[in-house]
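Undergrad: The residues making up each chain are set out below.
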Amino acid sequence: MSESKYEKYIGMKFPPLTFEVTGDRIRSYARATDDLKPEFLDEDDSKLVAPLSFTSVYWITSVVSLGKFKEEGIIKDVSKLLHGGQRYEFFRPVRPGDKLRLHVEVKDIYVKNNMLFLVYDVPVENQNGEMVSKVTTTFIIRPGGF
Amino acid sequence: MVSFDELEEGYEIPPYIKGPITREQLVEYAKASGDGNPIHTNEEIAVMAGLKGVIAHGLLDMAYLIQAIVNWIGEDGELKDIDVQFRGMVRPGDMVHSKARVVKKYEREGKKFVDLEIWQEAVTPIATISSSYTPDKIEPPPDCSVKLYEAAYRGWLKDGQNVIVERKKEENKIEHTFYGVQRSIIGTAKVELFK
Chain F
1 MSESKYEKYI
11 GMKFPPLTFE
21 VTGDRIRSYA
31 RATDDLKPEF
41 LDEDDSKLVA
51 PLSFTSVYWI
61 TSVVSLGKFK
71 EEGIIKDVSK
81 LLHGGQRYEF
91 FRPVRPGDKL
101 RLHVEVKDIY
111 VKNNMLFLVY
121 DVPVENQNGE
131 MVSKVTTTFI
141 IRPGGF
Chain L
1 MVSFDELEEG
11 YEIPPYIKGP
21 ITREQLVEYA
31 KASGDGNPIH
41 TNEEIAVMAG
51 LKGVIAHGLL
61 DMAYLIQAIV
71 NWIGEDGELK
81 DIDVQFRGMV
91 RPGDMVHSKA
101 RVVKKYEREG
111 KKFVDLEIWQ
121 EAVTPIATIS
131 SSYTPDKIEP
141 PPDCSVKLYE
151 AAYRGWLKDG
161 QNVIVERKKE
171 ENKIEHTFYG
181 VQRSIIGTAK
191 VELFK
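Protein chains in written order, with our numbering: chain F, 1 to 146; chain L, 1 to 195.
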């Protein structure tokens with residue numbers, strides 16, 4: 001019974017989000033993650049490439065989509081939210097000047113072991129319409145939070 | 001060099017160790033990544049959220065795991081896919097050990113792939129004791145290890161976590177350091193190898 005309340009969200013797509021990659025974002029991220037290869041730190045943006053884990057930086061913009069579930073009363077207490085899992089598929093390098101578009105889609109939403117699981121797919125393309133990466137995220141809302 | 005033909009199933013990549021995690025680093029990561037959740041940077045809020053203090057960002061821990069794989073392959077291949085579950089919390093003071101093991105290698109459409117089982121261990125120092133070193137007696141006295149075992153349960157470790165002991169000899173002393181170990185991340189990864 002309670003499952004049907006969630007089913008309608010499966011496949012729901014959010015308006016695309018954009019993220020503009022800058023050299024400064026890449027360099028400061030590489031330093032913060034202690035990933036000190038010259039190609040991640042070069043002061044010349046044209047020689048710079050983002051580390052693969054930089055995916056986390058543009059992905060984080062998609063977290064705003066959780067607001068929708070708060071508005072709709074599906075998530076009642078955000079402090080009960082856990083980051084359960086993260087998958088990255090890498091297709092193309094990311095460089096300064098790239099304008100990324102994130103397409104957030106609800107892949108699955110279900111209750112298991114008294115917790116609410118919310119799974120997002122986020123395919124990411126660049127300004128040329130090429131796929132850069134695909135992120136799959138699992139959020140878990142603990143009992144009392146939904 | 002990492003070569004497809006020479007790589008055997010069961011091979012474990014060199015351990016990749018980062019840490020100890022510091023609070024300053026979590027503040028820096030929060031800024032650089034755009035993840036402003038205060039449970040990673042503000043002790044009071046972390047405690048109110050039911051944690052025992054600030055915890056590291058799961059994606060920072062995942063970044064170390066990605067580095068471990070990327071640095072191992074070097075120019076010989078590319079990481080294609082990494083899928084992780086966050087299983088345990090990493091706290092300031094912890095060392096983070098990223099590990100991976102080859103579970104399968106195969107060719108598909110003329111390309112060479114390797115599947116990895118990956119995991120990360122958060123290693124928490126619990127206590128260090130020094131005792132006089134005499135060559136015929138390098139084990140700590142039994143009552144002492146019981147005390148240290150209790151120390152492991154100062155609220156930092158959960159049931160099922162392991163305690164490991166490292167012994168260091170220095171001059172006429174021997175130092176026993178006790179660590180708690182838990183798996184903070186488990187997952188899988190796929191790597192393409194060029195040769």
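Careful, some of the hints might be misleading.
Stated by the list, open to error - These stretches of chain L come out as covered by chain F in the derived footprint (C-beta under 8 Å, 3 or more residues): (1) 79 to 85; (2) 94 to 104.
Stated by the list, open to error - Output of the computed footprint for chain L on chain F, the stretches with three or more beta carbons under 8 Å from beta carbons of chain L: (3) 7 to 16; (4) 27 to 40; (5) 107 to 116; (6) 121 to 130.
Source of the hints: derived by calculation from the structure; they are not laboratory data. Don't be surprised by glycine CBs; every beta carbon is placed ideally from N, CA and C.
Undergrad: Now tell me if each hint is right for this structure.
TA: Results of checking the hints against the structure:
no. : hint       : in the structure
1   : 79 to 85   : holds (count 7)
2   : 94 to 104  : violated (count 0)
3   : 7 to 16    : violated (count 0)
4   : 27 to 40   : holds (count 7)
5   : 107 to 116 : violated (count 0)
6   : 121 to 130 : violated (count 0)
Hints 2, 3, 5 and 6, counting from the list given before, are not met by this structure.
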